[in-house]
Amino acid sequence: MVVDTDKTDTAPLFKLLSSVCDPEIPVLTLQDLGVLRDISIAGNEINVTITPTYSGCPAVEVMQEDIKTVLADAGYQHVTVQQSLSPAWTTDWMSDAGREKLRAYGIAPPARQADSQNIQCPQCGSGDVKRISEFGSTACKALYQCQDCLEPFDYFKCI
Amino acid sequence: MDTELQPALINYCIALGDDSVVLGHRLSEWCRNGPFLEEDLALTNVALDFIGRARMIYSYAAELEGKGRSEDDIAYLRDSREYHNLLINELPNGDFAFTMARQFLVDVYDMGFFTELAQSKDPMLAAIAAKAVKESRYHLRRSEDWIKRLGDGTEESHDRVQKAFKDLWGYLPEMFDVSDEEQQLVDAGIAVNRRALEENWTATVYAVMREATLDIPDDSWSISGGRDGVHTEHLGFLLTEMQVLQRNYPGQQW
Chain C
1 MVVDTDKTDT APLFKLLSSV CDPEIPVLTL QDLGVLRDIS IAGNEINVTI TPTYSGCPAV
61 EVMQEDIKTV LADAGYQHVT VQQSLSPAWT TDWMSDAGRE KLRAYGIAPP ARQADSQNIQ
121 CPQCGSGDVK RISEFGSTAC KALYQCQDCL EPFDYFKCI
Chain E
1 MDTELQPALI NYCIALGDDS VVLGHRLSEW CRNGPFLEED LALTNVALDF IGRARMIYSY
61 AAELEGKGRS EDDIAYLRDS REYHNLLINE LPNGDFAFTM ARQFLVDVYD MGFFTELAQS
121 KDPMLAAIAA KAVKESRYHL RRSEDWIKRL GDGTEESHDR VQKAFKDLWG YLPEMFDVSD
181 EEQQLVDAGI AVNRRALEEN WTATVYAVMR EATLDIPDDS WSISGGRDGV HTEHLGFLLT
241 EMQVLQRNYP GQQW
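Residue numbers (this note's numbering), protein chains in the order written: chain C, 1 to 159; chain E, 1 to 254.
For reference, chain C alone in the conformation it holds in the complex (with noise of 0.2 Å):
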């Protein structure tokens, strides 16, 4: 399959990328996470600039395998996929339909930075909760428990 990537016009790259996900949070997408910052295309070649979560996060190189097989699957052979590290990833970049979706799915969503105090229950909406670990199942992870309801959950660390 030949397409056509003389044109400047990215839209469709985003669209193709939105069903690239997490693969540790498989309901947030790379831009719900604000992982992916950028794509450009110069003649046949495409750039797609990631941002890395946390240093050591080994999802990182599965999104960017994902980034070339969507690609290619779409008929984009020319991929490259670079990683920029500054400005460094912060929770705040995290969508609003971001936030919802990791709520649905019982991960209480990250608080904004200038509020890092403000933790819900993703289960029942109180804040009074316990922190039981500052690490969880994943790097971007928390543990807490709601001491209204009793359940635990993780929690998606601001950072």
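Among the hints, erroneous ones may be present.
[Unchecked claim] Okay, derived cross-link-like pairs now, DSSO-like style, lysine-lysine, Cα gap no bigger than 30 Å in a straight line:
1. K130/C - K134/E
2. K130/C - K148/E
3. K67/E - K68/C
4. K101/C - K68/C
[Said to hold, decoys possible] What the simulated footprint calls covered on chain E by chain C, stretch by stretch (three residues with Cβ under 8 Å from a Cβ of chain C suffice, anywhere in the stretch; the number is not a length):
5. 57-67
6. 120-132
Since the hints were made in silico from the structure, they are not lab data. Don't be surprised by glycine CBs; every beta carbon is placed ideally from N, CA and C.
Put chain E on the given structure of chain C with help from the hints.
Same frame as chain C, but now just chain E:
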């Protein structure tokens, strides 16, 4: 950048990467040995951050060097004399109190160090540091919390963490030594003047230790050599385990 400083910058990056990968590997040794599940996860999460840092810094060093080496070549194909990490990072984990005391001392240091490095005139180092400082802030919250809980906990936890600090004390002066080569990079606005970090570091560490009802050791012994490639006997064993796959199956990939 001044090309005369290029070799010094490469050495500087590799030494910083060595600090991270060696401590990251130590922490990873806790995997499935943590005192309880949450701590097991925490220790290995922190390990991942350190290993991730090392990868970024080594990759940058390899790029500066331009000799076709990869981050993996730098990590897996050098012997202990070619490693330039600070000695505190290579010490065996000991008990949980020792691991957390070391982590706390390093986390306070890293907060100061990476905050400064984020201002480096080298944009790549500044970018890596800006990421690292966010993670270190998070690491420190936990390690500081543990020092208080262990120090102000039971008699046994107090004694163990007190002994850990005493055993670590002589490895601290090295953290604030600046080599001549490093000083050139400091003068060029690229490297951090580690000597200048000591005052704030001391204030933070002492305040937390006092709150944790711990005595500040008055030991005057000190040991150094990490930045010159002169290590304790422990690093060789660590590297042997870390490098065994690449040494036996050169070029092997996942």
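Hints versus structure:
no., hint, verdict
1, K130/C - K134/E, "holds (23 Å)"
2, K130/C - K148/E, "holds (19 Å)"
3, K67/E - K68/C, "holds (28 Å)"
4, K101/C - K68/C, "holds (25 Å)"
5, 57-67, "violated (count 0)"
6, 120-132, "holds (count 8)"
Going down the numbered hints, you'll see the structure goes against just number 5.
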